[in-house]
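2 protein chains.
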Amino acid sequence: MKSKVVTLNSEIHDQMQAIGRKARAAYIIMAEATNAQKDAALVHAAMAIRDNADKILAANEKDIEYGTLKKLDSAQLERLTLDKKRIEGMAAGLETVVTLPDPVNKKLDEWERPNGLVLQRVSIPLGVIGIIYEARPGVTSDAAALSLKAGNAAILRCGSESLHSSQAIVACLHAGLKAAKLPVDAVQLVPTRDRAAVGEMLTMTGLIDIIVPRGGKSLTKRVMEESRIPTIQHLDGNCHTYIHKKADKDMAVAVLMNAKMRRVSICGATESLLIDETIAKTFLPALAEALSKAGCEMRGDDASRKIDKRIKKASDEDWDTEYLAPIISIKLVKDLDEAIDHVNRHGSHHTDAIITTDMKAARSFLRKVDSAIVMHNASTQFADGGEFGFGAEIGISTGRLHARGPVGAEQLTTYKYVIYGNGQTRA
Amino acid sequence: MKSKVVTLNSEIHDQMQAIGRKARAAYIIMAEATNAQKDAALVHAAMAIRDNADKILAANEKDIEYGTLKKLDSAQLERLTLDKKRIEGMAAGLETVVTLPDPVNKKLDEWERPNGLVLQRVSIPLGVIGIIYEARPGVTSDAAALSLKAGNAAILRCGSESLHSSQAIVACLHAGLKAAKLPVDAVQLVPTRDRAAVGEMLTMTGLIDIIVPRGGKSLTKRVMEESRIPTIQHLDGNCHTYIHKKADKDMAVAVLMNAKMRRVSICGATESLLIDETIAKTFLPALAEALSKAGCEMRGDDASRKIDKRIKKASDEDWDTEYLAPIISIKLVKDLDEAIDHVNRHGSHHTDAIITTDMKAARSFLRKVDSAIVMHNASTQFADGGEFGFGAEIGISTGRLHARGPVGAEQLTTYKYVIYGNGQTRA
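These protein sequence lines map, in sequence, to chains L and Y. Using our numbering, you'd call the opening residue of the first sequence number 1388 and step up by one each time. Using our numbering, you'd call the opening residue of the second sequence number 1388 and step up by one each time.
Worth double-checking, as some hints may not be accurate.
Identical copies go unnamed one by one, so any copy, or any two together, can satisfy a pair.
Straight line, CA to CA, 27 Å or less: simulated DSSO-like cross-link-like pairs of lysine-lysine [unchecked claim]:
hint, residue 1, residue 2
1, Lys1568, Lys1632
2, Lys1458, Lys1604
3, Lys1494, Lys1449
4, Lys1668, Lys1458
5, Lys1693, Lys1472
6, Lys1636, Lys1568
7, Lys1680, Lys1693
8, Lys1747, Lys1493
9, Lys1565, Lys1755
10, Lys1696, Lys1568
11, Lys1668, Lys1680
12, Lys1409, Lys1755
13, Lys1755, Lys1493
14, Lys1409, Lys1693
15, Lys1747, Lys1568
16, Lys1449, Lys1721
17, Lys1755, Lys1568
Hints are computed from structural coordinates only; laboratory data are not their basis. All values reported here derive from a predicted model rather than from experimental measurement.
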């Protein structure tokens, strides 16, 4: 299956094929590794990261220079920049993954058939994982750690601006793998900035089992369009908080403010507030006051604007927009059904919450809203692998297959059926 | 995302889009249906199939005429042809699915976080399933039943030769859905024979959640190459039976004969026999005698041909070939490790078995062979949803994501996280 890209870049093609073959060979050994071995690799990698903090920072300097030349904006440079605290965070992140139970070789199910066959469903590693991400060096260690813990081999393609930092971090992961007598090829970094390497990864069927894009919409879209390999991905996080007529007002304000404003740039941040029209008159002024004080722009429907003049007029697009910024859309709804319908129509099946003291209404919302994560009386910002207890996450899946919601080590596994017989033949 | 096909066939494009929208609307209702309602639909559909057997047979006559004109070969015509017994089999198949537990709204997991949040993982329907299959009318009722039981909406694209039969069967499923007050759009049959409809299905992202191809290699390959929607699929069933040096001879012969010859055309049929060289001299003559008597052609390596002259010379291709015919490849191996390596290199990750009385050797094989189904002392022909206790199957997945092995109603579900709080906000 040669693509145009391949014929134009035979050198990169050969390089990527070699990386893929090395990853497959490493995966076979990783799949057999004990949990103690995998944990030892992570512990030693964390030590190496601490011991080599200066080297990592020096490499990061080079990346920042390059990023400045490439005119990254301040937010991008901020994400790219490492400091002692962030490096310690990476090391601690690896140690958190050590505390997780081994996600593979678990008996997930067992049953016996009338003919005496005993069937087991057993978790195993997913295989070779291709992770494509942007210029956030911390993803390098997080993604590698989760992949390693689940017995996979990872091929990491970092953003071109973070190549030096990522190389320095991968060197520490290699030190950990070596110390645990595991193959260093279990974590490989694509060594070129050439974008053709991404095209290669997306067509390496037979060598890569799954692609995980972690980054902005343009990256995810490219992967969706080009990949011949199954993907775990997340497109939008257009999350809703719906305040039902039987909500507690103080709770509603506290939860909504946290859901919207704790961090506005994460995918679990609430982008849209729905509120029952029967309580809007009493609730909305308090909500608008808090949002306004916190510097959040409000864009609402006409009904909401009649109640609070600070609310600007929302356009049709607003209901479908993931702002990732201090902006919120506000809509009054007739009842629970309209709220559910709005969320299913305009949401992105990521995370949506209802605030209510009415358990019946809550259950209806939780059941009928077709999202990966649905919440009752909690902030949508809890949509996070760490907050779920997964140790870390490689992303949040809004797809319906394989993994939904936060993707941790357990989600980077698959299973096999193991069948025990004593000579059974089929009739 | 308009493809060439779309612009050339705007009528089919519009038709398929309308089918997709109706399916999505039906899915929302199906997801809320009770198990009793879904079972009632299946029971009434089974009744309708029995009551309308003559109509189905008349429709099948038309298909056979068309198939004869199209010069289908005798095996294809055989698969296309219905009779009273096959129609009763369809009705009974629906009733088997009724006996299965409801695969959705099951609490798969539950845990509490230190902050008091209670997290549940709950099974839900997969959504809208596109099933593309060949001219075997029975797939219509099997696939629809499993989809329906799991609360999904199905878009069925049958082989062009079975269109009349499939329409008659779908009419019975509609009667069942109506009787249970469920939307008939939960089971829709693509009403055209135009192949452009398949191209449409494969690009209906946002309307179809998953594509299940069920048919030969050319269909599966087309789907793999063209689909922009995730797929559950199976490519090859190049299954192995490995006879270890500590096998019981009678069991080895009985199991191998069943694995190869019970039905040669199913994907779980053994295609390759591996045997430890230390026992080949005593085991192979008995195996060759049984195979030869049963009319099975044998193609082996030089070592095997020295032991039994009836074995023809195998070419390199034979090790990678799924015959689906009374032919078997035979290879002597040095030991367990060589057998495992051969299976992982040449197999198709479908189903592979070891025959041995040595549990240690068995465990090593079961663990290291990287296939969806691995077996100890049993016939590979047990690779079947019915034999697993799944009631029926829509296919056997050799992919690594979401569903591996037999795909029954449970594999046509996904999950959501439901989180219960009491006002928690994230720090």
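So, going through the hints one by one against the coordinates:
In this homomeric assembly, lysine 1568 and lysine 1632 never come within 27 Å of each other (Cα to Cα): the closest approach is 60 Å inside a single copy and 32 Å across copies. In this assembly of identical chains, the alpha carbons of lysine 1458 and lysine 1604 lie at most 27 Å apart only when taken from the same copy (20 Å versus 50 Å across copies). In this homomeric assembly, lysine 1494 and lysine 1449 never come within 27 Å of each other (Cα to Cα): the closest approach is 47 Å inside a single copy and 50 Å across copies. When the C-alpha separation of lysine 1668 and lysine 1458 is checked against a cutoff of 27 Å, the pair qualifies neither within a copy, at 47 Å, nor between copies, at 73 Å.
Proximity of lysine 1693 to lysine 1472 under the C-alpha cut-off of 27 Å is found in neither arrangement, the shortest distances being 47 Å within a copy and 69 Å between copies. With identical chains, the CA atoms of lysine 1636 and lysine 1568 are never at most 27 Å apart, being 57 Å at best within one copy and 40 Å at best between copies. For the identical chains of this complex, lysine 1680 and lysine 1693 are intra-copy neighbours only, at 19 Å inside a copy versus 88 Å across copies, given an alpha-carbon limit of 27 Å. Proximity of lysine 1747 and lysine 1493 under a CA criterion of 27 Å is satisfied inter-copy only: 19 Å between copies versus 37 Å inside one chain copy.
In this assembly of identical chains, the alpha carbons of lysine 1565 and lysine 1755 lie at most 27 Å apart only when taken from different copies (23 Å versus 49 Å within one copy). Taking identical chains as interchangeable, the C-alpha atoms of lysine 1696 and lysine 1568 are never at most 27 Å apart, the minima being 66 Å within one chain and 47 Å between chains. In the homo-oligomer, the alpha carbons of lysine 1668 and lysine 1680 lie at most 27 Å apart inside one protomer (19 Å), although the nearest pairing across protomers, at 87 Å, exceeds that limit. Taking the shortest alpha-carbon separations for lysine 1409 and lysine 1755, only the inter-copy value of 18 Å comes in at or below 27 Å, while the best intra-copy value is 46 Å.
In this assembly of identical chains, the alpha carbons of lysine 1755 and lysine 1493 lie at most 27 Å apart only when taken from different copies (15 Å versus 32 Å within one copy). Taking identical chains as interchangeable, the C-alpha atoms of lysine 1409 and lysine 1693 are never at most 27 Å apart, the minima being 64 Å within one chain and 37 Å between chains. Taking the shortest alpha-carbon separations for lysine 1747 and lysine 1568, only the inter-copy value of 24 Å comes in at or below 27 Å, while the best intra-copy value is 55 Å. Taking the shortest alpha-carbon separations for lysine 1449 and lysine 1721, neither the intra-copy value of 56 Å nor the inter-copy value of 54 Å comes in at or below 27 Å.
Proximity of lysine 1755 to lysine 1568 under the C-alpha cut-off of 27 Å is restricted to the inter-copy arrangement: shortest distance 19 Å between copies versus 49 Å within a copy.
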